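**Student:** Sequence:
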Amino acid sequence: MKRSILSLAISALLLSSDTGVSADAGAAAAAANSGLKATFKSLDYRYFVAGGVCAATSHGITCPIDVVKTKIQAEPEVYNKGMLDAALSIIKEDGPTALLGGLGPTVVGYGIEGAMKFGVYEVCKPIMINLIKGSRGAAYIAASVFAGAVASILLCPMESTRIRQVTDPGYADKGLLTAFPQLVKEEGLGPMFSGIWAMLSKQVPYTMAKQVSFDIVAGLLYGFLTQKEGVTADDLKWIVSVSAAFIASLFACIFSQPGDMILTETFKGSSGKGFFGIVKEINAKGGIPAFFTGTSARIVHVGMIITSQLVIYDIVKQALGLPATGKH
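Per our numbering, the sequence shown starts with residue 442, numbered consecutively.
Keep in mind the hints are simulated off the structure, nothing from the lab. Treat the numbers as computed from the prediction; the structure is a model and nothing was measured. Hints may be right or wrong, so weigh each one.
[What the hints assert, rightly or not] For lysine-lysine, the following BS3-like pairs were computed, each having C-alpha atoms within a straight-line distance of at most 30 Å:
no., residue 1, residue 2
1, Lys-522, Lys-615
2, Lys-566, Lys-678
3, Lys-522, Lys-709
4, Lys-533, Lys-522
5, Lys-726, Lys-522
6, Lys-615, Lys-626
7, Lys-709, Lys-626
8, Lys-709, Lys-721
9, Lys-726, Lys-533
10, Lys-726, Lys-709
11, Lys-726, Lys-714
12, Lys-533, Lys-615
13, Lys-721, Lys-522
14, Lys-533, Lys-709
[To be verified] So the derived label-pair ranges between C-beta atoms look like this:
no., residue 1, residue 2, range
15, Phe-665, Gly-715, 43 to 51 Å
16, Ser-684, Leu-761, 17 to 25 Å
17, Leu-761, Gly-718, 42 to 50 Å
18, Gly-616, Ile-695, 32 to 40 Å
19, Leu-761, Asp-526, 37 to 45 Å
20, Ala-613, Leu-691, 31 to 39 Å
21, Ala-725, Gly-762, 48 to 56 Å
22, Pro-622, Asp-676, 45 to 53 Å
23, Ser-530, Ala-725, 23 to 31 Å
24, Gly-578, Leu-761, 20 to 28 Å
25, Ser-530, Asp-676, 42 to 50 Å
26, Gly-631, Gly-762, 36 to 44 Å
27, Pro-622, Lys-669, 55 to 63 Å
28, Val-741, Ala-613, 17 to 25 Å
Backbone N, C-alpha and C fix where the C-beta goes; we use that ideal spot for every residue, glycine too.
My request is simple: use the sequences and hints to build the entire structure.
**Tutor:** Below you can see the structure in the form of structure tokens.
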């Protein structure tokens, strides 16, 4: 009898324990599901639209500068007399249209990349702020790293095509719709992602420096300049936007320059040396300074891209009903 009672007691305890565990697991699953739904609800397409428009426009406008910069990096022994001389040499040898080499993949690739970079960054900011308590700067950096990584993966095929069009005479006269399929046919789709580590080495520091510095500098400028009586944030939005964008461009250029050099060497056809093999090769050519080849052209290029890009981003955001960067 005692054994029966004991057995019944143990069974009841186990059942109640299982029920408690199931209830806890169910509650946890429900909370996770609720959090996931809230995250998807917070996805605002307007950030993606604004990011795609500003990136495609700014990179498309500055395509000739990008061609000159890429040529200097790919053939430093030929184009070694500065940016202007390099541009004139390219026009003389290949004609003015050579400065538009890779325009198609530039607009398409960076349109997609910009949509994801800005969109994912804005969506991830509140998530990271909740995860990383007490440090808004660290939360912004984490969001930008994630956004940069996502954008890099999507950009890889288009950047591979663009650099091949600029550096390989066999692709120079081909448009995106011809060059891209030909590259896939000759080398397969996989090799177009062979430069993913090089892409990450450029795009993650680039995104981090650009997005975070733009956010922080814009916020600081608004905070400082609106201290004057009678001055509102709306009065300052264009001054703040342009100033913060220009400062962000300098940070982005310096932080991402080594990665940009590695990327050019990777996609111009460095015979499968791999990421670390290319880093070693560049270092052997001239040490650390070799990673900053073409910096002057890139400062002009990146400065124009980012300043125009971030200003366009703010214009499109506000046109879509979103607040200017730094005002919220």
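**Student:** Find the hints from earlier in the document that the structure breaks and name them by number, from lowest to highest.
**Tutor:** Checked against the structure, no hint fails, so every one of them is satisfied.
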